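A.B. asks: Residues per chain, in single letters:
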Amino acid sequence: MSNADTLTSPARRRGGGVGDLLLSELALLFRRRRTWALLGALALIPVLLAVAVRLSGSGGGPSFVGDIAGNGLFTGFAAITVAVPLFLPLTVGVVAGDTIAGEASLGTLRYLLITPAGRIRLLLVKFAVAAAFCLAAALTVVVAGLLIGLALFPVGPVTLLSGTEIPAIDAVGRALLIAVHVAISLVGLTAIGVFISTLTDVPVGAMAATVVLSITAQILGSLSQLSALHPYLFSAHWFGFGDLLRDPISWASFGDNVVLQLGYAVVFGSLAMGRFVTRDILS
Amino acid sequence: MTSSGLAVETRGLTKRFGRHEAVSSLDLSVPTGSVFGFLGPNGSGKTTTIRMLLALAAPSAGTITVLGSEMPKRSASVLPRVGALVEGPGFYPFLSGAANLTRFDAAEPGTSSRTRSARVAEALARVGLSAAAAKKVGSYSLGMKQRLGIAVALLSPRDLIVLDEPTNGLDPQGTREVRSLIRGLNADGTTVLVSSHLLAEIEQLCTHAAVMRAGRLVAQGGLDELRGATAAIEIVTPDLDLAREVLARFGLDATADETSTGDSTPRLDAPLPDGVLPEDLVVELVAADVRVRGVAVRRPSLEDRFVELTGEGFDVER
Amino acid sequence: MNPSVKRWAPFAAVPIIAVAAAIAIPMTTNAAQDLPEKTPQQLLEFVADSDVTAFSGEFTQTSDLGLPDLSSLGSGSTTGADGDGFMSALVELATTSNDARIYADAEQGARLQVLDQLDERDVIATADDGLWIYDSGEKTALHVTHEGSSDASTPPADVPTPSSVAEKLLDSVDDTTAVAVGSNGTVAGRDVYELVLTPRDETTLVGDVTISVDGETGMPLGIAVTAEGASSPAFSVAYTSVDYSTPDSSLFAFTPPAGVEVTEKAIPADAHSDDAAPDDSTTPGDAAPEAPDVTTTGAGWGTIVELAAGEASASLEGLDAITTPVDGGRVLSSSLVNVLITDDGRVFAGAVSVDALESAAR
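As given, the protein sequences belong to chains A, B and C, one line each in that order.
Numbered according to the working numbering, the first sequence spans residues 1 to 283.
Numbered according to the working numbering, the second sequence spans residues 1 to 318.
Numbered according to the working numbering, the third sequence spans residues 1 to 362.
The reader is advised that the hints may include incorrect statements.
With a straight-line cut-off of 20 Å between C-alpha atoms, the simulated EDC-like cross-links for lysine to aspartate or glutamate are [unchecked claim]:
| id | chain 1 | residue 1 | chain 2 | residue 2 |
| --- | --- | --- | --- | --- |
| 1 | C | 265 | C | 138 |
| 2 | B | 135 | B | 122 |
| 3 | B | 73 | A | 280 |
| 4 | C | 6 | B | 70 |
| 5 | C | 38 | C | 49 |
| 6 | B | 136 | B | 122 |
| 7 | C | 139 | A | 165 |
| 8 | C | 38 | C | 194 |
| 9 | C | 139 | A | 247 |
| 10 | C | 265 | C | 128 |
| 11 | C | 38 | C | 51 |
| 12 | C | 139 | C | 264 |
| 13 | C | 6 | A | 280 |
| 14 | B | 73 | B | 27 |
| 15 | C | 38 | C | 216 |
Please keep in mind that the hints were generated in silico from the structure rather than gathered at the bench.
Quick caveat: nothing in here was measured; it's all calculated off a predicted structure.
Okay, chain A solo, but in the shape it has when bound (with noise of 0.2 Å):
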């Protein structure tokens, strides 16, 4: 080796950070036109419903539905409460069963192992960045939602579920809250996404998995036989967002749901890591 060699590798090793790996993933990520795609449905989520409740005039439905014709700041809860047991954990499933098996499938995988990424560092980057994009898709569904009811209805005073007016402006700081509260929730099925990312090299096939696997968990959750599992499924507080909307707010759900989030991630997270750390790159 040369001199120049022997000097140079001891600092290229010191570097190490995930700073630029974090960053090149992230705009891997929201380069491609297929995260748009995502994105872009979910927003199409609450202009579906605005349009439909303009066109129909008022009237019932789901909960915040009926709620829209009056005050259009209800249609980001409205689209929220919509998009949380199908469409979110779909879009979600998408990106984080992409995580390992996508790489795998593109012949990526091995060109960043051999680099070397590092894989803990790897799966950790692409577990965050996963996470990002469940904070993404939450947003885009209540922030489209709440433009759209800007554009097409009257705004005003919110009603709280307990019954009291908050201005408009702190119903929009309560949206916002819901949106962080729903990609909170959406933590526990990405580790278990990324987890099953990483047992195959076909990325479809982890997608379709963490996919039924969400609706699986709500089938559990809707079955009162199974009441002693309810705590513990990752869907157990998809729709803990409404204690948000109660005055005072109920943080209960919400700290409840960071535990049960925090230990899936754990517990995926570090199966994940026993799978990709063993495995042999073949693809």
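Keeping the supplied structure of chain A fixed, place chains B and C upon it in accordance with the hints.
C.D. replies: Relative to the frame of chain A, chains B and C by itself:
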């Protein structure tokens, strides 16, 4: 560098997939500073070996030392000094060539983001892709992707470069360019390990080579060592018996070529030992009134050796 | 041995520890605490002398009565008809778990919030403004006021909470009940005494009732009813958090929001509010169901409630799927309560065996 002077050394390296043994007790020695040809038919275990050298797959048994450190244990400190192209290029088709390189450079810990674009531009220039830097990789030809793959290996200065079938999909011009690239890298002191099932490209390039067959190493060493020193002389003449007598005086055991067809002139073949000069033989033959129509000296090519060792023809791309 | 097993081990350990912690932590928090020892009599007096006047807290009510799925019954009753409302409230209480918050202050009043998923039912009782019952899902509000001057102390007591229910229960402790002190525990993060009430009456299905009493304030923080022979409670109400500071006064001021259908109901000053306020066994929001014609037989734990024919029969149609036929009627059986519907439409219910109900029906 390494005390043993070896850039890559494996001892008893074995990889099993279930009951199938893809690589069996491989003892590979790649000297530092060499251009090492890693030969073998498709499916002989070359790529599996390379994956283990690069810590992509864990060995079932045996040890690996790369650049003096044990793999895969020390991969974090070894791999930054290694550039590689493994089993074809892998890229994000929706990103440009430059963006792909930027991504891989950013994934490497400790690379400076300030000089990243300069490194990317230089690597692209070295493989002749500067003009296509902004194009999406999805629109690249196979050859362009192959070059981009080599560019990834060249992003940072490396002590060892591993190229698995680097000329796949390249036209003759591209193949020549890759060859001169490898020579240039080697001239700078980089050890290059090139795997291929195409002999011709290795033979012109390598200082050392190893041949694998069905997961086992059947030969390895310097190129001359591998070829074997024994040349052969072929004499085309109608006077077979006379010629054989003359050759016998030099201690050559000549045999008539039985396969020659009726209308062609008969031929004698004989191994040519060291110290016997073909020109001396010709003088004697002519002096003995042997009518010599043609004389040829043939050294066995690596190709002959390869077929002999692997017991099968290799995939020549026609 | 196998290198990949060795490398897996640290990563496999984390989930195992996490799952073990999830199981172990709730158990360890129930470990015995250091509280001065009290006899059952001292503990009863401790509760009676409790002088908590202002507090807030969140509590959870769960039921595990071993009933078949009653959701089909509950869902059909959102029409708001009185009989259906009564029935759906019972079904809900018996089958689901509810979270609720309570804000109470002897000076200002009390507010109960039943925290449904994406909905809320509120009961606000104040001295100045009477009683408000608000349902965010139905968008209805009921306002009950007393004509003339009202009794300031009455309204807060009308809101069922773990504390008020337990206090009523303890008030009625008599010879039919054996009182003992159980092992100490933790409820809502506070050290509690456990008061165990065991019926002396052999006919009842109730095994015991455990009341958790805050070791510092003497306020009951939880009730658990366990059926005879069962190991886990069939019904429980317990605080998950409690705070003894005075709640914000804005919580007791209720103005019905726009778009809510408000029903005003005035009660003459001389009548007592027992009929109008929601019964302990119903949840608020079911616009004050009129209690059907009820007679009771027996006493104490073995009391049997009889509903005259016709009152509730309309809402009992379709019960065939969840009841079992017996001689002279059908029985809805659970671990804690049995209900007998006779062929002539009378309904008998009680925390007693089916045999006892049948003999009462004869």
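A.B. asks: When the hints from earlier in the document are held up against this structure, which numbers fail?
C.D. replies: Of the numbered hints, all hold.
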